[in-house]
Amino acid sequence: MIDIQIPAYKVEAELIGYDGIPQLQDTVETMMQCREKFVGYLLGGELVAFISYEETEQEVEICRLVVHPYHFRKKIATILVEHIVETISQGRSIRVNTGALNFPAKGLYQMFGFRQVKDIEVAPGVFITELRRN
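Under the working numbering, the first residue of the sequence shown is numbered 148, with each subsequent residue one higher.
It is worth saying that the hints were derived from the structure and are not from the lab. All the pointers check out, no bait thrown in.
In silico lysine-lysine, BS3-like type, Cα no more than 25 Å apart, as pairs:
id : residue 1 : residue 2
1  : K221      : K157
2  : K253      : K265
3  : K184      : K221
4  : K253      : K184
5  : K157      : K253
6  : K221      : K253
7  : K157      : K184
8  : K157      : K265
9  : K253      : K222
10 : K184      : K222
11 : K157      : K222
Whole structure, please, built from the sequences with the hints as guidance.
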């Protein structure tokens, strides 16, 4: 999974102009220790994408949406978000954060009815956007 995550987040880092994205520092060990649940996407028997989430009784939080750059523009991210919306959320609200300048990700979430809640400054001049679907 780390071999998919690092290249994907490097693309986001370029998009938003910030290379301090925490997921770029992840290791196999840190990913294994996190409490997130993971859903993978296989293409030809190979893992090419995944989405992770945490959940409570009231809410699902999407933590990571990762598609290897070789597999961009194949609707894989759409399929993974749809899985969270249609299967995992079970009527609960869903929350996600993404880079404020990551317009492809924001557009994808908005396609599923997510609304922008607020922008949060995570470093000087660098913002993430919180989106929510109720």
